Amino acid sequence: MSAAREEILARIRAATGVQAAPAEADAAYAALPRPYRRAHHDPSATDVVALFAERAADYRAVVTRLRADEVPAAIAAAVATVPSLLLPDGLPPEWLAGLPADAQLVRDDPPLSPAGLDRVGGVITGCAVAIAETGTVVLDHGAGQGRRALTLVPDFHLVVVRADQVAADIADALARLDPGRPHTLISGPSATSDIELIRVEGVHGPRNLHILIAD
Amino acid sequence: MPTYLGMPAFPQAAKSAVGNAQLRRNLTHATTVIRTKRAKAVAELDDWEQLRQTAKAIKDHTLANLGTYLVRLEENVTRAGGHVHWARDAAEANDIVTNLVRQAGADRAVKVKSMATQETGLNEALEAAGITAIETDLAELIVQLGHDRPSHILVPAIHRNRAEIGQLFRVAMADAPAGLTDDPPQLAAAARQHLRNEFLAATVGISGANFAVADTGSLLVVESEGNGRMCVTLPNTLISVVGVEKVLPSWRDLEVFLALLPRSSTAERMNPYTTIWSGVTPGDGPQDFHLVLLDNGRTDTLADATGRQALRCIRCSACLNVCPVYERAGGHAYGSPYPGPIGAILSPQLRGVGSAIDASLPFASSLCGACYEVCPVAINIPEVLVEQRSRSVENHRHFSERAVFAASGYVLRSPRRLALAQRAASLGRHVAGRGGRIRRLPPPLSAWTDTRDAPAPPPESFRAWWARTRGTGK
Numbered sequence: 001m002s003a004a005r006e007e008i009l010a011r012i013r014a015a016t017g018v019q020a021a022p023a024e025a026d027a028a029y030a031a032l033p034r035p036y037r038r039a040h041h042d043p044s045a046t047d048v049v050a051l052f053a054e055r056a057a058d059y060r061a062v063v064t065r066l067r068a069d070e071v072p073a074a075i076a077a078a079v080a081t082v083p084s085l086l087l088p089d090g091l092p093p094e095w096l097a098g099l100p101a102d103a104q105l106v107r108d109d110p111p112l113s114p115a116g117l118d119r120v121g122g123v124i125t126g127c128a129v130a131i132a133e134t135g136t137v138v139l140d141h142g143a144g145q146g147r148r149a150l151t152l153v154p155d156f157h158l159v160v161v162r163a164d165q166v167a168a169d170i171a172d173a174l175a176r177l178d179p180g181r182p183h184t185l186i187s188g189p190s191a192t193s194d195i196e197l198i199r200v201e202g203v204h205g206p207r208n209l210h211i212l213i214a215d
Numbered sequence: 001m002p003t004y005l006g007m008p009a010f011p012q013a014a015k016s017a018v019g020n021a022q023l024r025r026n027l028t029h030a031t032t033v034i035r036t037k038r039a040k041a042v043a044e045l046d047d048w049e050q051l052r053q054t055a056k057a058i059k060d061h062t063l064a065n066l067g068t069y070l071v072r073l074e075e076n077v078t079r080a081g082g083h084v085h086w087a088r089d090a091a092e093a094n095d096i097v098t099n100l101v102r103q104a105g106a107d108r109a110v111k112v113k114s115m116a117t118q119e120t121g122l123n124e125a126l127e128a129a130g131i132t133a134i135e136t137d138l139a140e141l142i143v144q145l146g147h148d149r150p151s152h153i154l155v156p157a158i159h160r161n162r163a164e165i166g167q168l169f170r171v172a173m174a175d176a177p178a179g180l181t182d183d184p185p186q187l188a189a190a191a192r193q194h195l196r197n198e199f200l201a202a203t204v205g206i207s208g209a210n211f212a213v214a215d216t217g218s219l220l221v222v223e224s225e226g227n228g229r230m231c232v233t234l235p236n237t238l239i240s241v242v243g244v245e246k247v248l249p250s251w252r253d254l255e256v257f258l259a260l261l262p263r264s265s266t267a268e269r270m271n272p273y274t275t276i277w278s279g280v281t282p283g284d285g286p287q288d289f290h291l292v293l294l295d296n297g298r299t300d301t302l303a304d305a306t307g308r309q310a311l312r313c314i315r316c317s318a319c320l321n322v323c324p325v326y327e328r329a330g331g332h333a334y335g336s337p338y339p340g341p342i343g344a345i346l347s348p349q350l351r352g353v354g355s356a357i358d359a360s361l362p363f364a365s366s367l368c369g370a371c372y373e374v375c376p377v378a379i380n381i382p383e384v385l386v387e388q389r390s391r392s393v394e395n396h397r398h399f400s401e402r403a404v405f406a407a408s409g410y411v412l413r414s415p416r417r418l419a420l421a422q423r424a425a426s427l428g429r430h431v432a433g434r435g436g437r438i439r440r441l442p443p444p445l446s447a448w449t450d451t452r453d454a455p456a457p458p459p460e461s462f463r464a465w466w467a468r469t470r471g472t473g474k
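Quick mapping for you: the protein sequence lines, in order, are chains A and B. Sequential numbering of the first sequence, starting at 1, is according to the numbering used here. Sequential numbering of the second sequence, starting at 1, is according to the numbering used here.
So that you can see chain A by itself, here it is in the shape it has in the complex:
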């Protein structure tokens, strides 16, 4: 182990006094009071899916709530002007049933270079979970979502959220995730507050974010 590591750990011991054994630290951690609310809306009294739709739209995502059987037509309509579409592995095939026969479809196999991804018009994915309170979509980059770069470089991202994937709040959403995976939390299209602290949409990430919520 490096000298720097040993010295920093020694400085910490000197600064904090004798440190508790890891098991004691864990016990003290478990005993920390957590008086906050793990959800700010009660799913039995609030339509959390409607809340998610409203909050996601607040951040200029284009949000549509529809029945599952309406998804293929809605996808076809949303991507009508997108020149080419990237389809990650594991995307439910029925979602693509409405696309015209001459649609330009691209697969990430073999993996596209960043420049290759930049030439793609848009990408369609599912998600891992969504958060109603904050209007957030969470990708864990599993089946139907693609590796992280696929939903980053193209300028158009359409994501399908199943109603049962909508968690009321952050705590519930995090508990549904596998921390070992990479994650991307998306709340509206790319934006900046760097000019006069006013939110402006459209910097480096996808400038167009479409969310279809399928009941």
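It is worth saying that the hints were derived from the structure and are not from the lab. Any given hint could turn out to be false.
Simulated crosslink set (SDA-like; lysine to any residue; CA at most 25 Å straight-line) [claimed, not checked]:
#  : chain 1 : residue 1 : chain 2 : residue 2
1  : B       : Lys37     : B       : Arg312
2  : B       : Lys56     : B       : Glu255
3  : B       : Lys37     : A       : Glu54
4  : B       : Lys40     : A       : Ala57
5  : B       : Lys56     : A       : Ala57
6  : B       : Lys40     : A       : His41
7  : B       : Lys15     : B       : Phe363
8  : B       : Lys37     : B       : Asp47
9  : B       : Lys40     : A       : Ala168
10 : B       : Lys37     : A       : Arg199
Rough simulated footprint, nothing fancy, chain A against chain B, three-plus residues with beta-carbon under 8 Å [to be verified]:
#  : stretch
11 : 175-188
12 : 279-288
13 : 352-366
Quantities reported herein were computed from a predicted structural model and do not represent experimental measurements. Don't be surprised by glycine CBs; every beta carbon is placed ideally from N, CA and C.
Position chain B relative to chain A; hints supplied.
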């Protein structure tokens, strides 16, 4: 951390900033906008205070067991395929990063805004080693193009308005679109186009992290523009420089901090993008990941029972936005990457009080307490300031101050001497200027009037007035 060369003490630096009307207009506008929005975003959660107290308790617990959680973080990052390095100070961190960039065979690296690397002066160190660091955050780009210094933790170019930024882009950005106006969406689009090819070709990315989760080895970068996603996703090598105080015990703690941070910083329910990663994921993102854990004065701060709470800071910058001193003096006057109230307690603790600017920072506050009130981790900034002030006074009690207090003691002990002194003071009114203010006293009292006016003494003391109107002098 760099003490900017030749940086004068806060009062001198603030005096020239306060004279800059444009700067004050820009700051007042931006901070007023964000204050109103933050209050609204916070009011949406009726358990804000409980979230805040929980965050404080989690951070305090973590700091008390810091060694345990850092070792656990190291184990889990290593298990997930990452490499962990430890840096005692800025120079050591910069050397580690420089060597890693060289090992990757690169002579450029894309960077997402990071306070830790601002603090270590990494860009300058890389430049000295022949490596170009490209800042990709819009505000950092504005600062870099203008050969300027950051003046705010979250929005480093807060001192510039849209007209100034538009002018800067038209002059200093070689590939700025023809006919670029001052319209913020157009300016954002120009930045997108300017940096696109850098991202697509990057082989090394450099970041900080907002949080590091010990029990899962996860790091988080919380951002808005997508430049952070670009930097931590597209290059094959990723180097993250993270202060040791950023560690959280458990994944579950994110439910608290992700509720507090966006609402406190950009006044959003959630920021547009957050990336979470643990080590290396085969086939997705960087395949060569390095975490550099940075001390650089943090363990010294940890040793201070009162000052330690500054290590709870999550760099939201809410305290800057509510501070009346910051709003008038601006960020540059603090002479540190960390300006505002948090900077006033953090910079002297991380750097020591060797320089004029650091010795003066504990006094750069009116102690109004607004910073403590908005702090999402309940750092009692006024308490730390007062403690640092008393220490500073103990260390450097000024000769004339001692003389003044000795003289006042002598005068106040005798009613006759007090009356004489008050009569003498009343005569001093004649040096007052317009508005009854004295702009300049002779040395050593000029130390007071250098940075503030002194009120002219009244024509008659209360004691003299009482004696004259109510008679007996009893």
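Task: Broken hints, by number - done: 5, 13
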